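Top to bottom, those sequences are chains R and C. Taking my numbering, the leading residue of the first sequence gets 1, the next gets one more, and so forth. Taking my numbering, the leading residue of the second sequence gets 1, the next gets one more, and so forth.
By construction, these hints were calculated from the structure, which means they are not laboratory data. Since we're looking at a predicted model, the values are computed, not measured. Do not rely on the hints blindly, as some may be mistaken.
Same chains, same label: a pair holds when it works inside one copy or across any pair of copies.
As a list, the in silico PhoX-like pairs of lysine-lysine whose alpha-carbon atoms are at most 25 Å apart [what the hints assert, rightly or not]:
{"no.": "1", "residue 1": "86", "residue 2": "252"}
{"no.": "2", "residue 1": "387", "residue 2": "308"}
{"no.": "3", "residue 1": "194", "residue 2": "2"}
{"no.": "4", "residue 1": "2", "residue 2": "252"}
{"no.": "5", "residue 1": "2", "residue 2": "262"}
{"no.": "6", "residue 1": "27", "residue 2": "387"}
{"no.": "7", "residue 1": "92", "residue 2": "262"}
{"no.": "8", "residue 1": "252", "residue 2": "262"}
{"no.": "9", "residue 1": "92", "residue 2": "294"}
{"no.": "10", "residue 1": "262", "residue 2": "194"}
{"no.": "11", "residue 1": "252", "residue 2": "92"}
Number of protein chains: 2
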Amino acid sequence: MKRNPYFEQISNRYLFQEVRHRLLHFKDKSPDARVISLSIGDTTEPIGPHTIQGLHDAVQALGDRATYTGYGPEQGFADVREAISKTIYQGKVPSDDIFVSDGSKCDIGRLQLLFGPACSVALQTPSYPVYQDTSLLFRNNPLILLPCTAENGFVPDLSPAASADILFLCNPCNPTGRAFSFSQLEQIVHFAIKHSITIIFDSAYSSYVQPGFPKSIYEIPGADTVAIELGSFSKIAGFSGVRLAWSVVPSKLNYSTGQPIKPDWMRIATTFFNGASIISQKGGMAVLSDAGMKEIDDQVNFYLANTKILKEAFTERGLEVYGGTHSPYLWVRFHGLSSWQAFDKMLQDMHIVTTPGIGFGQAGDGFLRISSFGSRASVTEAANRIKGGCLCSTQQ
Amino acid sequence: MKRNPYFEQISNRYLFQEVRHRLLHFKDKSPDARVISLSIGDTTEPIGPHTIQGLHDAVQALGDRATYTGYGPEQGFADVREAISKTIYQGKVPSDDIFVSDGSKCDIGRLQLLFGPACSVALQTPSYPVYQDTSLLFRNNPLILLPCTAENGFVPDLSPAASADILFLCNPCNPTGRAFSFSQLEQIVHFAIKHSITIIFDSAYSSYVQPGFPKSIYEIPGADTVAIELGSFSKIAGFSGVRLAWSVVPSKLNYSTGQPIKPDWMRIATTFFNGASIISQKGGMAVLSDAGMKEIDDQVNFYLANTKILKEAFTERGLEVYGGTHSPYLWVRFHGLSSWQAFDKMLQDMHIVTTPGIGFGQAGDGFLRISSFGSRASVTEAANRIKGGCLCSTQQ
Numbered sequence: 001m002k003r004n005p006y007f008e009q010i011s012n013r014y015l016f017q018e019v020r021h022r023l024l025h026f027k028d029k030s031p032d033a034r035v036i037s038l039s040i041g042d043t044t045e046p047i048g049p050h051t052i053q054g055l056h057d058a059v060q061a062l063g064d065r066a067t068y069t070g071y072g073p074e075q076g077f078a079d080v081r082e083a084i085s086k087t088i089y090q091g092k093v094p095s096d097d098i099f100v101s102d103g104s105k106c107d108i109g110r111l112q113l114l115f116g117p118a119c120s121v122a123l124q125t126p127s128y129p130v131y132q133d134t135s136l137l138f139r140n141n142p143l144i145l146l147p148c149t150a151e152n153g154f155v156p157d158l159s160p161a162a163s164a165d166i167l168f169l170c171n172p173c174n175p176t177g178r179a180f181s182f183s184q185l186e187q188i189v190h191f192a193i194k195h196s197i198t199i200i201f202d203s204a205y206s207s208y209v210q211p212g213f214p215k216s217i218y219e220i221p222g223a224d225t226v227a228i229e230l231g232s233f234s235k236i237a238g239f240s241g242v243r244l245a246w247s248v249v250p251s252k253l254n255y256s257t258g259q260p261i262k263p264d265w266m267r268i269a270t271t272f273f274n275g276a277s278i279i280s281q282k283g284g285m286a287v288l289s290d291a292g293m294k295e296i297d298d299q300v301n302f303y304l305a306n307t308k309i310l311k312e313a314f315t316e317r318g319l320e321v322y323g324g325t326h327s328p329y330l331w332v333r334f335h336g337l338s339s340w341q342a343f344d345k346m347l348q349d350m351h352i353v354t355t356p357g358i359g360f361g362q363a364g365d366g367f368l369r370i371s372s373f374g375s376r377a378s379v380t381e382a383a384n385r386i387k388g389g390c391l392c393s394t395q396q
Numbered sequence: 001m002k003r004n005p006y007f008e009q010i011s012n013r014y015l016f017q018e019v020r021h022r023l024l025h026f027k028d029k030s031p032d033a034r035v036i037s038l039s040i041g042d043t044t045e046p047i048g049p050h051t052i053q054g055l056h057d058a059v060q061a062l063g064d065r066a067t068y069t070g071y072g073p074e075q076g077f078a079d080v081r082e083a084i085s086k087t088i089y090q091g092k093v094p095s096d097d098i099f100v101s102d103g104s105k106c107d108i109g110r111l112q113l114l115f116g117p118a119c120s121v122a123l124q125t126p127s128y129p130v131y132q133d134t135s136l137l138f139r140n141n142p143l144i145l146l147p148c149t150a151e152n153g154f155v156p157d158l159s160p161a162a163s164a165d166i167l168f169l170c171n172p173c174n175p176t177g178r179a180f181s182f183s184q185l186e187q188i189v190h191f192a193i194k195h196s197i198t199i200i201f202d203s204a205y206s207s208y209v210q211p212g213f214p215k216s217i218y219e220i221p222g223a224d225t226v227a228i229e230l231g232s233f234s235k236i237a238g239f240s241g242v243r244l245a246w247s248v249v250p251s252k253l254n255y256s257t258g259q260p261i262k263p264d265w266m267r268i269a270t271t272f273f274n275g276a277s278i279i280s281q282k283g284g285m286a287v288l289s290d291a292g293m294k295e296i297d298d299q300v301n302f303y304l305a306n307t308k309i310l311k312e313a314f315t316e317r318g319l320e321v322y323g324g325t326h327s328p329y330l331w332v333r334f335h336g337l338s339s340w341q342a343f344d345k346m347l348q349d350m351h352i353v354t355t356p357g358i359g360f361g362q363a364g365d366g367f368l369r370i371s372s373f374g375s376r377a378s379v380t381e382a383a384n385r386i387k388g389g390c391l392c393s394t395q396q
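Sequences are here, hints too, so could you generate the full structure?
Encoded structure:
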C-alpha cells in the first residue's frame, strides 16, 4: 500500500503527544516532583447531579426490552436537536439545521470531505492545530495563514484570505482567548459574503463569552448564508470524555454553484458516522434543561475564577498576559524565550506543565497557553509557584 | 466554496435513508398496517445486567471529583485494549496494536486517510456500502469489484485485485452471510502477501462464526504483515447505540516503502478523533468480563435462533436462501424480480421491511437481505406471514 503523500505535510506528532512525551521524560528524571498540569484544555470538575441522573436514566433504558434502542439517527435524536435550537440558539437556528456528533474535532475532519481536494483554506495562526493538520492531510494546497499577534490585538487582517474557499475561525479563540466584538464579527461576515468564502466557526468555548459579545456567528445578519458553526458539550458541561457536540449547516448555505451544502453534510453524516452515543445524547438532554444549564453556569464561573487567580499570578511576575476574560485560557508572552524554552523552564523550575504556543502555529512562538481547568487547590498552588518561582534559571 | 467533485460518484442517499423513505411513504398510505422490520441490522434485545452495571458505574464515576476524568487517550484506555487482546484474541494480538473507537463505520472513513488519493481499492460486491462510498469520496480511481454470487459460493475470484493497494473484506460477509473457511482465508492472505495488498478485514459479526472457521484474520500465519482488522461491540453486545469498536493495525504492517503504518494510524486517531465515550469504554470492560461474555453468547444464540425460524419460512416458500449459519443475516434470492421489486412486494403484501440486495452493489440485485434482529414474537409473526403470504401479487 502506498502512503497518503500528504502525511509529509504534517508533523509526526500531534501537539499534545509531544507535551506528554516531554512530561514523561521529566517525571522519569524527577519522580518525586508534584507536577501540576495547566496544559491540555481538559475539564476536571465532576458533572452535576442533574446531568448524572440523565446519564443513569439512559443506561437504565438500555437494560429493558421495552425501552432498549439500537442505532439512533446519524444526525442525532430530534429532541436533542430541538433542545439545542431552543436552549443554545433561543429558537433562532432551526433544529433541522443542527447535526449532533461525538465531537468538534471529529466534525472538523468530516467537514474536510465537503470541501474536496482542490479548495483553498485560510486560518488564524496561532489556532487549534486540528484545522491545519486535517486540511493538510486532505490536499496539497498551501494554507493561507492569518497572523493573530499582540500587536493586532489577536484580530487578523483578512485580506490575504480573499481568494480562500474556507476560513476557519475559533471564537473565543483557542489559544489566545480573544472573543470578537459584534462589529468585528460583522466585518468578517461581510468579507465572507463579498468573497464567497465559507466560514467554519468553532464556538466550542462559547459559554465563556461575556455579555455584550456575540456567542454565535448567527447573531450577525446574513451569517446563515456563509457560516457553518461548531458547538460542543465538552468544555461547557464537563463532557470531554462523554463525547457530545453539534454542527450547524444552515439550509441557506450554498456551494458557489448555488447547490445547497446541507444534503451533502447529511450524506457525510450517514456514510462516515453512526451517531453520537445515545447515552451521551440523553445526558445532553439533561444538560439542556433548566437544572442542567444552572450546573453549566456554575462550572463556567468556577473555571473563570481559576483563570483570574492565574492571571494575577502571571501579572505579578511582570509577564504580558492575554485572554482569560471570555475564555478558560491565558496566553502568556515570554520575551526572549521560545515557546519550548518557556515550557521547559516552567516544567523544570515550577513543575508546571503548560502548552507551548508554537504548537498552535509559528505566530504563537514565545507564548505559552495556560489552561485554568483544574481543582481550586491545584490552581492556587500553581499560582503560588508562579509568583514565587524563578523563570530565569534552568537548574532544578 | 467548491463542492468536493467526488460527490458526483456516489448516490444521493445512503441505502438505509432510501429504505426509510419508502417505508414512510408506505405508512402514509397504509397507516393501520403493522409493519415488521427485518431491514437494518439493528439489535433489539436489552443489554445484560452485568454490562448495564458497568455503564452505571462509569456514569457514577463522572459525578464525583475524586473519580471524574475528562479526555481519555484517543486510542482508548489501556485496560480496554488489554481486555480486547486477552478476551477476543486470547493474547495473540498485542494490546499495543489495538485502537478503540466509536464504530467500524467511522474507522473505515478514517482509514481512507491512510491510503491517500492515489490508491486503488478492491472490494467484494455485494458488500457493506460504506466501503464503496467512503472510497469514492476520497478519490476518483475506479473501484475493482469482485462479484460474490450464488454461482461462486459467494467467494470472490481475487485475480482482478492483483493490482489493488487495498482489499476490503467482510467476514462473515454482510450481506451474504458467508464465512470464509481456513483454507479460503489462507489463500486470500497469500494472495495479498504476493501482490503487496493491504486487507481491511471487517469482522463486525465475528461472534456469529461457528467453530471450525476463523473468527479473526490473524488466525492465518502471516496475516499480521498484510491485514488491518476491524471489530465492533455493536452486534455482539447490543452496543449499536452505545458506540464502541476497535481496529487492529499490527506493528509488522508496512507501506510498500517499508515504512510502518501504525504510527500514521495513531496520528489519524489523535487528529481526527478524540476517543470513544469513556462511558461506552467502561461498558466494554464489563462486556469483556466472564459474566459479560456469557451475556454476549446468550444474545448471539438468541439472534441465531431467530435466523433459523426465518430461514425455514423462506425455504418453505421455495425460495433460495443463503447465509444464516455464521451470521444474523439471510440472503434470499427472488428469481425474476429486481431487489426493489422484491422489497416493494414484501412491504405491500406482508408488511415486512427488508433491505434490497442491490443496495450492496449491482451483484446483489434480485436478492433481499433479511435481518434476524428482532423480538421472538415479531420474528415468528414475520415467519408466519412469509409462509402464508403471497409474493406473486402487488395488491394490498
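Hint by hint, here is what the structure shows:
1. In the homo-oligomer, the alpha carbons of residue 86 and residue 252 lie at most 25 Å apart inside one protomer (19 Å), although the nearest pairing across protomers, at 51 Å, exceeds that limit.
2. Taking the shortest Cα distances, residue 387 and residue 308 sit within 25 Å of each other inside one copy (14 Å), while across copies they are farther apart (73 Å).
3. Only between protomers do residue 194 and residue 2 lie at most 25 Å apart by alpha-carbon distance; the minimum there is 16 Å, versus 41 Å within a single protomer.
4. Taking CA atoms no more than 25 Å apart as the test, residue 2 paired with residue 252 passes between copies only; the shortest distance there is 15 Å, against 40 Å inside one copy.
5. In the homo-oligomer, the alpha carbons of residue 2 and residue 262 lie at most 25 Å apart only across protomers (14 Å), although the nearest pairing inside one protomer, at 33 Å, exceeds that limit.
6. Only within a single protomer do residue 27 and residue 387 lie at most 25 Å apart by alpha-carbon distance; the minimum there is 23 Å, versus 70 Å between protomers.
7. In this homomeric assembly, residue 92 and residue 262 come within 25 Å of each other (Cα to Cα) only inside a single copy, at 17 Å, whereas the closest approach across copies is 45 Å.
8. In the homo-oligomer, the alpha carbons of residue 252 and residue 262 lie at most 25 Å apart inside one protomer (9 Å), although the nearest pairing across protomers, at 41 Å, exceeds that limit.
9. Taking identical chains as interchangeable, the C-alpha atoms of residue 92 and residue 294 lie at most 25 Å apart only when both belong to the same chain, with a minimum of 21 Å there against 49 Å between chains.
10. Proximity of residue 262 and residue 194 under a CA criterion of 25 Å is satisfied intra-copy only: 21 Å inside one chain copy versus 44 Å between copies.
11. Taking identical chains as interchangeable, the C-alpha atoms of residue 252 and residue 92 lie at most 25 Å apart only when both belong to the same chain, with a minimum of 14 Å there against 53 Å between chains.
In the structure shown, no violation is registered for any of the earlier numbered hints.
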